[in-house]
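Protein chains in written order, with the numbering used here: chain A, 49 to 444; chain B, 1125 to 1254.
Among the hints, erroneous ones may be present.
Taking lysine-lysine and the DSSO-like style, the derived pairs with C-alpha atoms no more than 30 Å apart in a straight line are [to be verified]: (1) B:1142 <-> B:1202; (2) B:1202 <-> A:224; (3) B:1202 <-> A:164; (4) A:164 <-> B:1242.
Chain A regions said to be covered by chain B (calculated; three or more residues, Cβ under 8 Å) [said to hold, decoys possible]: (5) 122 to 128; (6) 131 to 139; (7) 157 to 171; (8) 175 to 189; (9) 344 to 355.
Some chain B residues near chain A, calculated using beta-carbon distances under 8 Å [to be verified]: (10) 1151; (11) 1163; (12) 1166; (13) 1169; (14) 1188; (15) 1192; (16) 1196; (17) 1203; (18) 1206; (19) 1207; (20) 1208; (21) 1211; (22) 1212.
No lab work stands behind these hints, which were simulated from the structure alone. Even for Gly, the Cβ is constructed at its ideal location relative to N, Cα and C.
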Amino acid sequence: MRPSHLPFVSRGSLLAFLSLALFAATSARADESESNLEIKIYGDANYAFSTTNIANPEATVAKAHSSFAAGLLDIFPSYQLDRVTFLSEVVFEGGTGGTENIGVDVERMQVAYLVKDWLRLRVGRSHTAFGYYGDVFHHAREFDLTTNRPYFIQFEDSGGLLVAHTTGVGADGTLKSKVTDVRYDLDVGNGRTSDPTAVALYYSPRTAPMMNLRLRLLPHFLDGLMVGGNVMYVPIAASPTPDPLGVPVLAHNLNEYDVGAHAAYMEHHLHLILEGAILLREDAVTSARYRHYIGYFEGGYSIGAFTPYGRIEGGKLDSADPYLQNQSFTATAFTGSWADTRYFADGRVGIKWIATENIAIKVEYRHFVTNGAAGGLPASSLPSFDGGQAQFAFGF
Amino acid sequence: MSTRTALADTFVLVVNAKNALGHLGRSQVRDAFIGQTKQWPGGAVVQAVIGDSSSPEFGWLASRIFEQSPQEVLGRIKQEVFRGEMKRPIVAHSFDDCISAIVRHDGGIGVVSADAAKNLPATVVVVNVD
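Same shape as in the complex, but just chain B (with noise of 0.2 Å):
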């Protein structure tokens, strides 16, 4: 087994029902953690949930959809966000912090381990990415 395919049984991005949006490429993905896509094809603003950069979410992040190291893609996000050019991402310090911002934004997308998501609630679903 690849070591990418290894991440992406691990973990999987997860956005609010409300938007579902099926699969999205790792550009698409990409686009919205770093402000370049601001709002979601249905209307959504989106909302980037991070988990703390020293995080295995956040990492999974880094390495399955930027192909960067986490330094690299949180200097991204923090330079995007004194760009002006994005929201500032919500942090989230647990799997239940990361399903409570999604479900309060309806363009949220976070990051969860692929066993956490067994049990999401309704108002929040998995996403594939391409």
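Chain A on its own, in the form it takes in the complex (with noise of 0.2 Å):
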């Protein structure tokens, strides 16, 4: 994943951080059962291919139908003392957009304070608490069933079309009652600047903020089973002319308005997810308007350490939005572009195995099409392909 407004790293510093985290993890070991400190390490590694090109074309005209890929690295520092709770993802990572340097993020960095079991407080940088999939599944792929997150939820320098991260404070609760429990999320924060690939982390590009809201309903009759839905209106602000940093041209500011739908039932060994959003962003000089659908199923069944799963995504997109023109998507070892695209559809079977506490292999196969740009297919060729993954994913 690309990083958003931070440097590349060397080698040396990223050497001298990895040793500091690992000595920083074998100091924590050293008290394991009740420290107030802990730091872990999620990593994966990746074999890709295609019956389409998935080599560079920005870097090389030669062609490759198969790849590995050293996935991301993520330290994971968490502390808790009480009632307060910290943690941070720093994510090092490289691959994206073709660029095959590795650069560092900090994925999430925040702090709670649990005041009551109704009324959690967060400051910091966070995943956005929108549908189910967004801050349920971070970075670390051990926990994801599949290879890789739905295209729509893919982080922001990776093409997703929602906001992934909120630079700001949120508040969570629970409220019980004897039919149904409720829970809230509420996230204010940064919007977003004309680029889609950066997370606004120390400059708020527009005086309104970013706003969510999320309900969800756990009835008690049905355990397991979690309902609810989305709000969240996030700006967006128009680039300078000439833009300096060379970052996508968006002439007006746009705001966009969210609503979306989830449920998801995870007893009895089952794992269902089902989750849609309606996008609609309103030109802020023209009032244009652009409609974005999308949605995804996700299932699967465990057997013991093995998951089988199935995954089908899809959406219609308003191909004349400017915000999509200069985006791109990534998937492993595979890219491809939102501009002009008026609709997509990925399937994906296969199989997830946690061979250990600490390991989960999963192979996959997968479809996809799309009218756009993917794959290094022009958008005129309508791309449609198969492909597969293995992926190793761990956590210690």
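Using the supplied hints, reconstruct the complex from the two chains, each of which is provided in its own coordinate frame.
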């Protein structure tokens, strides 16, 4: 994943940081049973193949139909003391946008204080509480059922359409009753810049904040069932003219209004998620509106350490949306562009094997189709291709 | 005797006596061990105490409370910690470790064998599961 406004790191500094992290992890393990500070390390390695060319067209004219990929390395420090908890995800990752450099990004950095079971306060950078997948599965792939996130829920620098990270404050809590528990989440943070791959970490691009409310019901008649919905407002700032950083030009401010619904059931060895969202972007000057419809269904059933699974995802996009025009998306060893995309669909089946407490191995086959440019093929060729991926994910 | 009854007779849930809960439903216990409940009604912050994933105590928790395999439950706990939804559980390697942890945490909850529970200190009490 390409870092947002952060420099690439040298090998020396990378090794120094890893040495420090490993030392800290070893130190924490000395009192593993009850230590306030703990550092975990997550990561993954992959092998992918495709019927299309997956070589980076910006780097070579040669073609390749398979590739190894060193995934991300995720350093996860956490601290807890009674009602206060801290966690962070510092991620080292390369590959996005065709670069072979490793970039570093602080993907999460949040401090939370538990006031009551119905009120917990949070500050920092966290994952937006939109839908189900967004803040249940984070950067470490060990916990995902499949090899990767749904395209539209990808992180910003991997082509996600929704706001994945919130820099700001949040509150959440659970209200209990005899019939159902009601869970709420509220996020208030910075809006988006004209660069769809960036996260506004230090400067809010507009005065109006991004606001997100999620409500969930967890009925008692069926343990493990969760049904919820979101409403979210995201201000998107126009580019300066001319753009000094060379990021995509967005002529006018946009106001984004998102509505989402999701349902999940995670009991009796079942893993079922159904999620969808409608994004409405409105040009603040011309009042032109662009609507996007996106959704997926993911299901799996665990038999011992093995979980066969499948996922189908699709989207109908408004190709006139100026915010999509310079936005690409990525999966392992595979990239595409949202520009001029009117629809896309992805179907995949696979199996996840929890080999040990710390290792998950997945093997997956997928079929992808779009009217946009993808896999090194231009939009006019109506890309449709098959591929597969094996993933070795770990967490220590 | 059914397997469930045998398991129920073999292990019991224990909590800090300052946080005497009387009895809990299975779903309430499950919620406490995966961070869905963060605070007990009396105000104490929930602190799960678990055995090693291969221990009989953890096996009982997985089968009796979660009705899942120990691997599935451990994966769920790790995921909830990674999400930031629950405090890291304290891993107790023995009965003494478990009792010691629960004594130190007003909101502690753990699993011990029924035999060992006959000799609990006054600061730890058994919770019945409906």
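Outcome of the hint check:
no. : hint              : in the structure
1   : B:1142 <-> B:1202 : holds (28 Å)
2   : B:1202 <-> A:224  : holds (24 Å)
3   : B:1202 <-> A:164  : holds (23 Å)
4   : A:164 <-> B:1242  : violated (34 Å)
5   : 122 to 128        : holds (count 3)
6   : 131 to 139        : holds (count 3)
7   : 157 to 171        : holds (count 6)
8   : 175 to 189        : holds (count 4)
9   : 344 to 355        : holds (count 3)
10  : 1151              : holds (5 Å)
11  : 1163              : holds (4 Å)
12  : 1166              : violated (11 Å)
13  : 1169              : holds (6 Å)
14  : 1188              : violated (14 Å)
15  : 1192              : holds (7 Å)
16  : 1196              : holds (6 Å)
17  : 1203              : holds (5 Å)
18  : 1206              : holds (6 Å)
19  : 1207              : holds (6 Å)
20  : 1208              : holds (5 Å)
21  : 1211              : holds (5 Å)
22  : 1212              : holds (6 Å)
When the structure is compared with the earlier hints, violations turn up for hints 4, 12 and 14 and for no others.
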